[in-house]
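Novice: Residue numbers (my numbering), protein chains in the order written: chain A, 1 to 322; chain B, 1 to 341; chain C, 1 to 342.
Treat the hints as calculated values from the structure; they're not laboratory data.
Beta carbons: idealized from backbone N, C-alpha and C, even for Gly.
Some clues are possibly wrong.
To be verified - Among chain B residues calculated to face chain A with C-beta under 7 Å, some are:
hint, residue
1, 84
2, 94
3, 96
4, 110
5, 112
6, 122
As the list claims (entries may be wrong) - The calculated label-pair distances, taken between Cβ atoms and stated as ranges, are:
hint, chain 1, residue 1, chain 2, residue 2, range
7, C, 285, A, 179, 18 to 26 Å
8, B, 131, C, 152, 48 to 56 Å
9, A, 45, C, 297, 50 to 58 Å
10, B, 106, A, 312, 44 to 52 Å
11, B, 130, A, 94, 51 to 59 Å
12, C, 152, A, 14, 48 to 56 Å
13, B, 201, A, 13, 39 to 47 Å
14, C, 237, A, 101, 55 to 63 Å
15, C, 22, B, 332, 43 to 51 Å
16, A, 181, C, 140, 28 to 36 Å
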Amino acid sequence: MGLFIVRRFVAAVLVMFAISVLVFLIFFATPGVDPAARIAGRSATPQILAQVRHAFGLDRPLPIRYLLMMDHLFIKQDLSSYVNIGDRVVPQILNAAPVTLSLIFGAAVIWLLVGIAGGVVAAANRGKIIDPIITFLGIGAISVPAYWLGEVVLYFTQSKLHSSVFSWAPGSGYVPLTQNPGEWALHLLFPWLTLASLYAGIYARVLRAELVNALNEDYVRTARAKGLSERRILMRHALRCSLITVVTLFGLDVGALVGGAALLTEVVFGLPGVGLLTFNALENLDLPVIMGAVLYGAFFVVLANAVVDIAYAFLDPRVRLV
Amino acid sequence: MSDARVSTPLLEVEDLRVSFNTREGLVQAVDGLSISVGRKEVVGIVGESGSGKSVAMYSLLGLVRDANVSISGHVRYEGREILGLPDDEMRSIRGRDVAMIFQDPMTALTPVYTVGWQIVEQIRAHEDVTKAQAHARAVELLGEVGIPDPARRVHLYPHEFSGGMRQRVVIAMALSCHPKLLIADEPTTALDVTTQAQILELLRRLQATYDSSIVLITHDMGVISEMADRVVVMYAGRPVEVGGRRDVIRTPRHPYTWGLLGAVPRVESKRTRLVTIPGVAVSPLDLPPGCAFAPRCAYRFEMCDQRPALRGDDGHLDACWLDPTRKVEIRRRVTETGVVS
Amino acid sequence: MTDSSVTSTAKSARGPESPWRSSLRQLWRNRPAIIGFFVFLVVVAVCLCAPLYAHYVAHENPFTSNIQGTFRLHGRTIHVLQQNTQGTGLGVTPIGPTWDFSHYFLGADNQGRDVFARLLYGGRTSLLIGTSSALICCAVAAVLGVVAGYFGGPIDWVLSRIFDIIWAFPIYLLAISLSVVLLTTGIQFGPIHVGAGSLLVPILIIASIYVPYVARPLRGIVISLREREFIQSAIGSGASDTRILLKEILPNVAPSIIVFLPLMVAFNLLTESALSFLSIGVQPPAASWGTIINDGLGLLYTRPAVAIAPGIMIAITAISLNILGDGARDAFDPKAKLRGSV
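Isolated chain A (complex conformation) (with noise of 0.2 Å):
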């Protein structure tokens, strides 16, 4: 198990940087994207345009630059922004972090219990009508654009029924928890249902079709021959064998989100999280930060794909091979 872990960690290790290398070749090596004239501006003279280029050290060899740039991030980290110049970008991305992670925090909390309740409900009940509504209800949730429901929650409790229903709804902004727990969670709690409500359809069908299969199998069949009830059934035996596919799954999600996926949602309700960050500097074509940003994001996404690897040694027994 040991080897395990330490070659899958290696394995990430070298992913990592094949990421760092590919961010870094789309952004400075594409031809035509010149950092220089961006930062130096319009009307800047060939001199000044050089003076920019030897300032931020774009006058070297690619690999030369790949180097440096890796070296301010990590090691000297102080590297600073482009286009705010002298806004370090290691402290701008751990002051959005917390932003982030709240929003995916109580996202999570909800999209889990919403999406495995009705992933067992659809399937204890499979054949009633209450099974294709939930199917229809998961469907629906992953069909629709998560910014736009994002919009459309907006609307209803800033405008149209903000005077009525929802006269509490804060405006949108965040609140950090330490500062005010009660304004923290009421501020999160739109973008918190609207990221929730794409994850909750998937995990409910996941989980539905995971436990349909799961009731099918010898074991329970052999379950049923032992005299046990189907509900004991269904929670302690199909539940847990297919917990292992939405843990995984589970582990997967999070990863991307911490690492700026709920960038849509960060946009739609203004919390300055690490995916507003990550899509202004891609706006402003701010290479530094973006190179930061989606670092930082690739890391959450390799860390969480070998956490959960390794989760799923320890859930299924079978696995625990090497």
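Go by the hints and put chains B and C onto chain A.
Specialist: Just chains B and C now, kept in the frame of chain A:
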């Protein structure tokens, strides 16, 4: 059928019919099966795949979960009608009075729990004992079925056992509540020949120890000849021959049984080729109006267009219109020449 | 359960039927899936009629500004952009839905353009991008996945590492990164030059990022097929690789590809709309459902129809495709794992 001396049979199945309403039509999986199982008796049910032998036993215990099924007839356990009982009442019979083990030991146990946990689960579902007591009994049971070092092995997961060992665990679990009847659905089919013999030996020993009855479902006449006290031969959902083991194996009276027995290679026989029954198993969707075996039977005649009833004497019944003397004659010829035609 | 062995013996004794026909028949019987398919076709047809509508019914050009424009409704002349009477009384607000098919059915946007006509045109763009990128993605993924799975060895290793790296990249970030970069410069691969405004840019970007999603499962299927007896015997009997690939592997992989198609169209549609919403997908003057939602942001509290209508269209299209995809999976590849998120 029951002799006045013998007490009420443990299990009495009367005219069991099971059909499935499929898109292609009505599939009559079991068509009028009647058997009785006495105490300490081993009844063997033999037939090809699709003959309905497994479905019959599943419906007995209410294990058929298809919404399109309809089951009729009577099933009495210790005199009490159990067919059609609501699920929560059946549950106290399943696993406690009547246990069932299945064909494939590799997939029969839940992969994420230890074998000990699963045996304890069954015990505590039916008896009011503490976990520690159930655990101790689980260890005992594992030892009884021949698993070495049971105290350690009880903590292992199913995938850590070999096929034969897993089947032993399944048997141990099935017998954990001392059921009076064990239904074994092809318990050795997925195992190699040596393990097969060991498992059968184990079942025999346990049957003697626990005084339980066994219904043994198989397609292998060899297994029948080793284990069964009485035999039911099924074809296309219908019983075609019923009788004591000696009667059915020594003096079979139905052409299908002749085919089945002929297919068992015997060392001392004069035959040089294995016998096969021509044709393929009939589709339960296209049953002929008369005898189901007629299309494949070498001896059919006009009577066979009518469905034969199960008739006979001395407890040896068969469903074939052929004259008894003719049957004896054909049987002698088949045994000598090895040709079923 | 054993009852299926009884019924399957019953069916097989009836005679063989081509697996394609029986799958198609099963799909045909799945009413929700067929409804989904027809809804999708209706949406496509309606959107394709965009030019007809704009020309013959609305008599508007939905791409040019019409700020000073007026139109006649019930005999009265109405300004498209109206003076604000509420709040501060400053500024103009476009007209809201008239619910009249011939004029501004859903109202106007802040450029005075007919929202409904733009919706139809936008639909053409979105559907075009969605379906073509799905087709390209599935085709490329099929080739790469099958090649990787069948030939194994170094080819497989290289391809799998490429898939891993692309997939390890947070998927939306990759799409956004590529879009941001390529939208300013276009794509230049030697002689191939794709302009920055061309629709091919989002099509190719969206197609490429989802290739691992489709290719990896297909590769898995091919690997398990490779070990099965009928392939082994084909290899043993000296059949060439091409022959085996075309006659044995491809027909067995095809059902999975078929199942992926409607789902990928739905995913790609949603991805394109997200990119367009962020202004890095479809570029003006072209419109897509995503860009219209973006247009409607400023009008969200006054004229919500602009932002809400395209979302409803996306939802209807994606829901019908997902239902069709579910039905396709049940009919063609019931063992396929239900893939949740992307």
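Novice: Against which earlier hints does the structure fall short, listed by number upward?
Specialist: 1, 7, 9, 10, 12, 13 and 16
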